[in-house]
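Visitor: As you go down the protein sequences, you meet chains A, B and C in turn.
Mapping of the first sequence onto our numbering: residues 1 to 385, in sequence order.
Mapping of the second sequence onto our numbering: residues 1 to 385, in sequence order.
Mapping of the third sequence onto our numbering: residues 1 to 385, in sequence order.
Please keep in mind that the hints were generated in silico from the structure rather than gathered at the bench.
Treat each hint with caution, since some may be false.
[Claimed, not checked] Keeping only pairs whose Cα atoms sit at most 27 Å apart, straight-line, the calculated DSSO-like set for lysine-lysine is:
#1 C:K115 to A:K137
#2 B:K48 to C:K48
#3 B:K236 to B:K115
#4 A:K48 to B:K236
#5 B:K355 to A:K236
#6 B:K48 to A:K115
#7 C:K48 to C:K268
#8 B:K236 to B:K48
#9 A:K48 to B:K48
#10 C:K237 to A:K115
#11 B:K48 to B:K237
#12 A:K323 to A:K137
None of these values were measured; they are calculated from a predicted model.
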Amino acid sequence: MRVRFPLMAIGLEVVMIVLFAFFVQYETNKNTSTSPNSTELPAMDTDKTMESYPHFQDVHFMVFAGFGFLMTFLRKYGFSGVGINLLIAALGLQWGTIIQGLFRSHGQRFQIEIKNMIQADFSTVPVLISFGAVLGKTSPIQMLIMTILEITVFAANEFLVFEVFSASDIGESMTIHAFGAYFGLAVAGILYRSGLKEGHPNEESVYHSDLFAMIGSLFLWIFWPSFNSATASDAKKQYRAIVNTYFSLAASVVIAYACSSLLESQGKLNMVHIQNATLAGGVAVGTCADMEIPPYYAMIIGSIAGVVSVFGFKFLTPFFTTKLRIHDTCGVHNLHGLPGVIGGLAGIITVALEKSDSTAAVSQLAALGSSIATALVGGLITGSY
Amino acid sequence: MRVRFPLMAIGLEVVMIVLFAFFVQYETNKNTSTSPNSTELPAMDTDKTMESYPHFQDVHFMVFAGFGFLMTFLRKYGFSGVGINLLIAALGLQWGTIIQGLFRSHGQRFQIEIKNMIQADFSTVPVLISFGAVLGKTSPIQMLIMTILEITVFAANEFLVFEVFSASDIGESMTIHAFGAYFGLAVAGILYRSGLKEGHPNEESVYHSDLFAMIGSLFLWIFWPSFNSATASDAKKQYRAIVNTYFSLAASVVIAYACSSLLESQGKLNMVHIQNATLAGGVAVGTCADMEIPPYYAMIIGSIAGVVSVFGFKFLTPFFTTKLRIHDTCGVHNLHGLPGVIGGLAGIITVALEKSDSTAAVSQLAALGSSIATALVGGLITGSY
Amino acid sequence: MRVRFPLMAIGLEVVMIVLFAFFVQYETNKNTSTSPNSTELPAMDTDKTMESYPHFQDVHFMVFAGFGFLMTFLRKYGFSGVGINLLIAALGLQWGTIIQGLFRSHGQRFQIEIKNMIQADFSTVPVLISFGAVLGKTSPIQMLIMTILEITVFAANEFLVFEVFSASDIGESMTIHAFGAYFGLAVAGILYRSGLKEGHPNEESVYHSDLFAMIGSLFLWIFWPSFNSATASDAKKQYRAIVNTYFSLAASVVIAYACSSLLESQGKLNMVHIQNATLAGGVAVGTCADMEIPPYYAMIIGSIAGVVSVFGFKFLTPFFTTKLRIHDTCGVHNLHGLPGVIGGLAGIITVALEKSDSTAAVSQLAALGSSIATALVGGLITGSY
Numbered sequence: 001m002r003v004r005f006p007l008m009a010i011g012l013e014v015v016m017i018v019l020f021a022f023f024v025q026y027e028t029n030k031n032t033s034t035s036p037n038s039t040e041l042p043a044m045d046t047d048k049t050m051e052s053y054p055h056f057q058d059v060h061f062m063v064f065a066g067f068g069f070l071m072t073f074l075r076k077y078g079f080s081g082v083g084i085n086l087l088i089a090a091l092g093l094q095w096g097t098i099i100q101g102l103f104r105s106h107g108q109r110f111q112i113e114i115k116n117m118i119q120a121d122f123s124t125v126p127v128l129i130s131f132g133a134v135l136g137k138t139s140p141i142q143m144l145i146m147t148i149l150e151i152t153v154f155a156a157n158e159f160l161v162f163e164v165f166s167a168s169d170i171g172e173s174m175t176i177h178a179f180g181a182y183f184g185l186a187v188a189g190i191l192y193r194s195g196l197k198e199g200h201p202n203e204e205s206v207y208h209s210d211l212f213a214m215i216g217s218l219f220l221w222i223f224w225p226s227f228n229s230a231t232a233s234d235a236k237k238q239y240r241a242i243v244n245t246y247f248s249l250a251a252s253v254v255i256a257y258a259c260s261s262l263l264e265s266q267g268k269l270n271m272v273h274i275q276n277a278t279l280a281g282g283v284a285v286g287t288c289a290d291m292e293i294p295p296y297y298a299m300i301i302g303s304i305a306g307v308v309s310v311f312g313f314k315f316l317t318p319f320f321t322t323k324l325r326i327h328d329t330c331g332v333h334n335l336h337g338l339p340g341v342i343g344g345l346a347g348i349i350t351v352a353l354e355k356s357d358s359t360a361a362v363s364q365l366a367a368l369g370s371s372i373a374t375a376l377v378g379g380l381i382t383g384s385y
Numbered sequence: 001m002r003v004r005f006p007l008m009a010i011g012l013e014v015v016m017i018v019l020f021a022f023f024v025q026y027e028t029n030k031n032t033s034t035s036p037n038s039t040e041l042p043a044m045d046t047d048k049t050m051e052s053y054p055h056f057q058d059v060h061f062m063v064f065a066g067f068g069f070l071m072t073f074l075r076k077y078g079f080s081g082v083g084i085n086l087l088i089a090a091l092g093l094q095w096g097t098i099i100q101g102l103f104r105s106h107g108q109r110f111q112i113e114i115k116n117m118i119q120a121d122f123s124t125v126p127v128l129i130s131f132g133a134v135l136g137k138t139s140p141i142q143m144l145i146m147t148i149l150e151i152t153v154f155a156a157n158e159f160l161v162f163e164v165f166s167a168s169d170i171g172e173s174m175t176i177h178a179f180g181a182y183f184g185l186a187v188a189g190i191l192y193r194s195g196l197k198e199g200h201p202n203e204e205s206v207y208h209s210d211l212f213a214m215i216g217s218l219f220l221w222i223f224w225p226s227f228n229s230a231t232a233s234d235a236k237k238q239y240r241a242i243v244n245t246y247f248s249l250a251a252s253v254v255i256a257y258a259c260s261s262l263l264e265s266q267g268k269l270n271m272v273h274i275q276n277a278t279l280a281g282g283v284a285v286g287t288c289a290d291m292e293i294p295p296y297y298a299m300i301i302g303s304i305a306g307v308v309s310v311f312g313f314k315f316l317t318p319f320f321t322t323k324l325r326i327h328d329t330c331g332v333h334n335l336h337g338l339p340g341v342i343g344g345l346a347g348i349i350t351v352a353l354e355k356s357d358s359t360a361a362v363s364q365l366a367a368l369g370s371s372i373a374t375a376l377v378g379g380l381i382t383g384s385y
Numbered sequence: 001m002r003v004r005f006p007l008m009a010i011g012l013e014v015v016m017i018v019l020f021a022f023f024v025q026y027e028t029n030k031n032t033s034t035s036p037n038s039t040e041l042p043a044m045d046t047d048k049t050m051e052s053y054p055h056f057q058d059v060h061f062m063v064f065a066g067f068g069f070l071m072t073f074l075r076k077y078g079f080s081g082v083g084i085n086l087l088i089a090a091l092g093l094q095w096g097t098i099i100q101g102l103f104r105s106h107g108q109r110f111q112i113e114i115k116n117m118i119q120a121d122f123s124t125v126p127v128l129i130s131f132g133a134v135l136g137k138t139s140p141i142q143m144l145i146m147t148i149l150e151i152t153v154f155a156a157n158e159f160l161v162f163e164v165f166s167a168s169d170i171g172e173s174m175t176i177h178a179f180g181a182y183f184g185l186a187v188a189g190i191l192y193r194s195g196l197k198e199g200h201p202n203e204e205s206v207y208h209s210d211l212f213a214m215i216g217s218l219f220l221w222i223f224w225p226s227f228n229s230a231t232a233s234d235a236k237k238q239y240r241a242i243v244n245t246y247f248s249l250a251a252s253v254v255i256a257y258a259c260s261s262l263l264e265s266q267g268k269l270n271m272v273h274i275q276n277a278t279l280a281g282g283v284a285v286g287t288c289a290d291m292e293i294p295p296y297y298a299m300i301i302g303s304i305a306g307v308v309s310v311f312g313f314k315f316l317t318p319f320f321t322t323k324l325r326i327h328d329t330c331g332v333h334n335l336h337g338l339p340g341v342i343g344g345l346a347g348i349i350t351v352a353l354e355k356s357d358s359t360a361a362v363s364q365l366a367a368l369g370s371s372i373a374t375a376l377v378g379g380l381i382t383g384s385y
């Protein structure tokens, strides 16, 4: 261990630098030369790409501060939660840039636009979600390996979903959230040790760690409309994704508080529900956020997600640990897995109602199936390393 | 209690969804049809409305993370401070969208623009301010009721101030800050119990809770220029509101530190002053932030607000508790009440000096009076429930 | 002490207000008069200046929340870290506005644009860096004096670097980071007391204070691309500065984790390295971030900065304390000093390779020398007060 982790981290960084030297270039003044037989890439519209920058910063904030602090709620894993989150995301965004870029350019050199940086940040999110399922069960070395493997499978599934099936998933409910959760659960299943069943003192939360986790939760909640709208293809879709996510999240909060109080003894609120289920509305509305749905529809989706998420924390997570021998440390199945599936189903229904053509609904179904299947297979393989 | 809170929360969310189904619509492609006898609303300029999005995100961050964490400074109420803040704001923004929309559309169906989302977030702020006055004295059920009632009175007063009196209040010093504080003080007066006089161990702050509160305070401080400029009608006014708020806040900090050190034994700094009085400049410059005032005038307003706020915490809050039997948990009178009144007065003076016509100054005076009067009456009625 | 601090703070604020009354004006409607013999300043393009506002907010967030919380890692100085940070920055931005404005306008009245507010925030950063070196060794009064003196020297050096030498330093690696670190080290050298050598219980970090510091560190990390691109002269340079900083920081994280694990016993990660060395890539790429460097070059700079920063914390800081009698509380030499120098050197090399003309490289060298020299002289004089 003493030198294996540093050597692997340095080795991976050197590989990234070499891959960037081969495949990545910025726009240079030379691009603007109109030489017809130039092998240079076409000039980029810099003003246009800069328009995405505020959205990028919101997503960037979610990835590094939001997910990082959400994982500090465990007494003993607080610092490793936020610290390993940073390591995964920093390595992952480099690898995500490469692998996504190569899929899109079909193996050619490519340029970096601000949208590529948003996509690179996105590509780290499934790994951060999976990390939530295995927190406390893995070493930093294992996380480096998982980062590289999971992002590779993720990029392949994204290619399937968007290029092959031409499905819609603006907030990536299926391709990021369901994918990340089921990948993590598969890894957690492999890493199961019987001692986890009884719970562990390291897993208790303490008062201050719950406040730190609340920072992360609020950051995610606040910027989720930016997440679900960041890659929209035009202003109208972007606007709809923002408004739908805003109201879905609000409904999700009210319902999550109600359900938490209903299920806890003496009507108290459970802090884990507050930190997590309030976000389920953002996940679940992700697939159809940019579609022409009436506003109250987004609120219904958010409400359903809030119910399912709280009930999942209360009943499913203990069942998974004791019966299925899958120990989901942060309960990512309830925040990302089930709401991601709800998002996928809402997408299928919306598309089926909107268009007479049934092939679009089939595409959505294929996207949901592909996201879950590749996640489970990828997770089982990764967990076996 | 066991089921009353969840039933009421679910009931309110169902009502919201039904109201949204009746009254709220997004722009759809059908809007763009030019059919002259169409009952559809006119098409929205999506690119234009998206320009407000960065301002929306800043305000959204203040409402959910800023106000939430500012209320974590009490040892025992930390989590309920930030948790109930989220519940109030999530319910309130839905109700605020409906009630403000209906006031503006005179009861017709209406569209959601980004500005409506800013206004909806704004409408939750008076409730969050009032919550600071009653923190520790109310149940979650009471907060649900207060959210609905207070936002209704708030929207009615906003209609009076902006539509009937045509007064100016860009940062809503009178309509949000003074209103929220006096509403909360009236409720706190009704809920007074003699036990509150001696103080309570739950009300003590501890070192870490003070650092959490500082997070909230800084978030508010940093984004206040966005708050005071978010609804400006043109770029010139928006720019002025930003610059004036920036310098007013800076002056407020220096003066608040000086006054805190002057009043505390051995010249130490009082953390509550630092967390609150540093923001008073943002409140006080709110009414006239977009007017053509010379820059140093904003700094003078900020300085006065800093002095008044620190002296309020030191002398007025104990007086309120012991003599007036009003227990103001977070001292909102010193952060929002008095600086809000200073803002209203600064607005009257600025308008009187700027325009020869005295009716504008009378309008401003009517707006200040209306904001305080409706707040007190609304708060007394709400507290009696 | 009892009254000296408040009197000095109030006195300085009064001086600021008077200076603003004399020298600062906003654009008013009167500016738009086309009267040819008007002494008014020319009209400002408000829409143009507002384009910088999102960048301003990112920088503002870094200065007040990022630097503030980064300094909370010490058990006892947590609150004074974040509290004095706010005081320094609030006073400093006013003085920075005046002194930078007068340098640019050659002593005439001047207008405030959003870019001036970015520059004013920038001018406080060297003081915040120096504060990190002397935290725990100074009184609030001394910090007021240091704020005024250091910003004055900083503005003079900026004038030298950008106006006289015409050097490039978009992220101000030399003029802010190296300058702030060496200024602070010079002051710390003067303030050295032998008791500091043994370390002090107040200087121990505790678990929660490390999480608070991580908040600050992540905020800085997330918004650093905005810092390095905020004052870029055109969209193309701004875009390049963003992309280069993004990848330099990512490389810096991976390498910092590797080096930390390599140097610590049993391969553990050192929290101080994680909080600080991960940012070194942002500092080091600052000077050449907007130049036409290939993308992997930025990652190499970030990697080198990560290595140097961790080794600095491990070996140089103890050496400075015991041998050089300079006690650098937060280790600013490793986060800002050395990476700032690396940034300056990378700038010289980049310019030398890019242009055949060697005068540009000489200008860069002069800028680096001037920044370090004025910092050391200014710090020694300031420390002697």
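Visitor: Against this structure, judge whether each hint is valid.
Guide: Hints and how they fare:
1. C:K115 to A:K137: 48 Å, violated
2. B:K48 to C:K48: Between B:K48 and C:K48 the Cα gap is close to 16 Å, so the pair holds against 27 Å.
3. B:K236 to B:K115: 18 Å, holds
4. A:K48 to B:K236: 24 Å, holds
5. B:K355 to A:K236: Distance ~42 Å between B:K355 and A:K236 Cα, so the pair is violated.
6. B:K48 to A:K115: Roughly 21 Å between the alpha carbons, so the hint for B:K48 and A:K115 holds.
7. C:K48 to C:K268: 50 Å, violated
8. B:K236 to B:K48: Within the cut-off at roughly 16 Å; holds.
9. A:K48 to B:K48: 16 Å, holds
10. C:K237 to A:K115: 17 Å, holds
11. B:K48 to B:K237: 17 Å, holds
12. A:K323 to A:K137: Given that 27 Å is the threshold and the Cα spacing comes to 19 Å, the pair holds.
When held up to the earlier numbered hints, the structure conflicts with 1, 5, 7 and fits the remainder.
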